[in-house]
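Use these hints to put chain B onto chain A, whose structure you have.
Chains as they are written, first to last, in the working numbering: chain A, 1221 to 1511; chain B, 16 to 286.
Any given hint could turn out to be false.
Said to hold, decoys possible - Computed cross-link-like contacts, PhoX-like style, restricted to lysine-lysine with a CA-CA straight-line distance of at most 25 Å:
(1) B:Lys85 to A:Lys1450
(2) A:Lys1453 to A:Lys1507
(3) B:Lys110 to B:Lys27
(4) A:Lys1236 to A:Lys1277
(5) A:Lys1430 to B:Lys27
(6) A:Lys1430 to B:Lys49
(7) B:Lys49 to B:Lys197
(8) B:Lys255 to B:Lys183
(9) B:Lys178 to B:Lys85
Hints were generated in silico from the structure; no laboratory data involved. Predicted model, so just to flag it, every value in this text is computed and none were measured.
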Amino acid sequence: MHNVEEIYEINLSNCKNSESLANDVISAIEAVDIKNKALKLNLGELEINQSQMVLLKSLIESYNGKIINIQTTNELTKDICIEMGININDENRLYTSEIQNAKLDELREEFKNGFENQKEEANPKTDTKNIENDLQKQVIGVYRKADEKENEVVFREDDVDFYATPTDEAVVVDTKNTMYINQTLRNGQVVDYDGNVVIIGDCHPGSEIKATGDITVWGVLGSLAHAGIKGNKEAKIRALKMNAVQLRIANCYSRRPDGGNIPYIVKSSVFTPEEARVVDDNIVLFKMAQN
Amino acid sequence: MSGSVIVITSGKGGVGKTTTSANIGTALAKDGSKVVLIDTDIGLRNLDLLLGLENRIVYTIVDVVEERCKLKQALVKDKKNPNLCLLAAAQTRDKSAVTEEQLKNICEQLKEDFDYILVDCPAGIEQGFQNAVAGANEAIVVTTPEMSAVRDADRIIGLLEAKEDVKKYRLLVNRVRPNLIKSNDMMSVDDVVEILSAELIGVIPEDTGIITSTNRGEPIVNNEKSLAGKAYLNVARRIKGEEVPLLDIDEPTTFFGKVKKFFSSKVKVTK
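Bound conformation, chain A alone (with noise of 0.2 Å):
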């Protein structure tokens, strides 16, 4: 999250084309320390494409900065920054991932007792005798409200209120190797990577998919999940159907509820692509943008 103290605003007007935009924007940016800063865009007259304005984007938040403004005469570039939802010509509107950051401030207050997360301890205490509190640290975090009462199944369409409203962010992707596999994980099976994993088809419960990079299922993701192992808290887990035994990103941890594992409710067809992505150590799904 990023906390806006100072704005910045960069005259990108005598631009010619993307080219000269770039470097630019590199120089400009490089310039002054954009560390948690605002920037404001003024880009003229250039007509920028949506990968344009995708990687533009990207690139000023790699360097942790923000834009919250662009300033633009074309209509084309108008339109992108609309569909992308950066503001243009107008400083009065919140943008659109400070409304999210708030609503998701909510959404942890509410569900604060589903959430109880703990971070692996590098090094355990090796002094402790006392066996209740090394027990005490099997107790990990779930990543949906799950109900109080014993025995009842809990419905996913009930929960439904937990998940974060969709986000409009672009899909930055790791820019490491990829593997690719197309096949239905079975119990037993292990998929360790170095880099990003895709799997076309489900993954059933008693498999483990562990990569230093992103995890991607094209199906009913059921069994354990591991993205960033190597300590990447940007990794994420996406899945058509997600219904993981546990899902791990770098250090965190979060469990499913207890009485998910009855089959014949799991299986249905209806399909809630999802992502789960780590915000403040806790393991938090959205549901994927729909367009």
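Just chain B now, kept in the frame of chain A:
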């Protein structure tokens, strides 16, 4: 504290070793003893499902022997009963991942903190069985009143008698159907005991509630109405050394049946 290590084994698969482990473990823990269940069926683990602890497993027995974590970190506490713990098997490895010595070592360490260590044995008489039996002082041999299960149990008892550490073995006859015994279509419990000439620790009737309880991850001893649950509670009391008479599993459900039973019990029918 020095707990006793009890292995639950059968030879034949599908007779109810894992169900028995889960239920006896839960029953003992309900009574106040500290119990740890060890799943040694590496690669085909099920005990976690029966207890409903699948989503809580972080470290497994293989992580313990390969020293990726401490033993106490790998113990998963039960949802309801803090006296009950599970040491889960790894799903992505096979039986050769653990040796007899390592399992013996784990049992010795757990003896200090727990009253009962129940080891759920895999089917068969290969490495998995040898591992599970390695640390045990006692054994419960599970069988059903079928010829194939009884033969396998006989083989297992032979192997157990050859082990010096296993001081005592007792027989548990599972999935008994009184109606079939009455119509002479099933071996009676007495027949099984006679063939195997072993001490009996309990008789568990066939119960459809077991299927529901397995799917829900909730051992049947938590259901007070279930006959099988009562039978398992009695087995747990016998393990603790109490003298408990065998449960009357021959319970007719209808009122008419009860009346009929009352009269017929006065006449002993001999075969």
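Hint by hint, here is what the structure shows:
1. Taking the CA atoms of Lys85 of chain B and Lys1450 of chain A, the gap is about 21 Å. The hint holds against a cut of 25 Å.
2. A C-alpha spacing of about 19 Å is found between Lys1453 of chain A and Lys1507 of chain A, which places the hinted pair at or below 25 Å, so the restraint holds.
3. Our distance criterion of 25 Å between C-alpha atoms is met by Lys110 of chain B and Lys27 of chain B, whose separation comes to about 17 Å.
4. Restraint check: the Cα-Cα separation between Lys1236 of chain A and Lys1277 of chain A comes to about 19 Å, which is no more than 25 Å; the hinted pair holds.
5. Only pairs whose Cα atoms come within 25 Å are accepted, and Lys1430 of chain A paired with Lys27 of chain B is rejected, the gap being roughly 35 Å.
6. Between Lys1430 of chain A and Lys49 of chain B the alpha-carbon distance is near 35 Å, which puts this suggested pair outside the 25 Å criterion.
7. For the hint linking Lys49 of chain B to Lys197 of chain B, the alpha-carbon distance of about 40 Å lies beyond 25 Å, and the restraint is violated.
8. As the CA atoms of Lys255 of chain B and Lys183 of chain B are separated by approximately 14 Å, the hinted pair is consistent with the 25 Å bound.
9. At most 25 Å may separate the alpha-carbon atoms for a hinted pair to count; Lys178 of chain B and Lys85 of chain B exceed this at roughly 29 Å.
The structure shown violates the earlier hints numbered 5, 6, 7 and 9.
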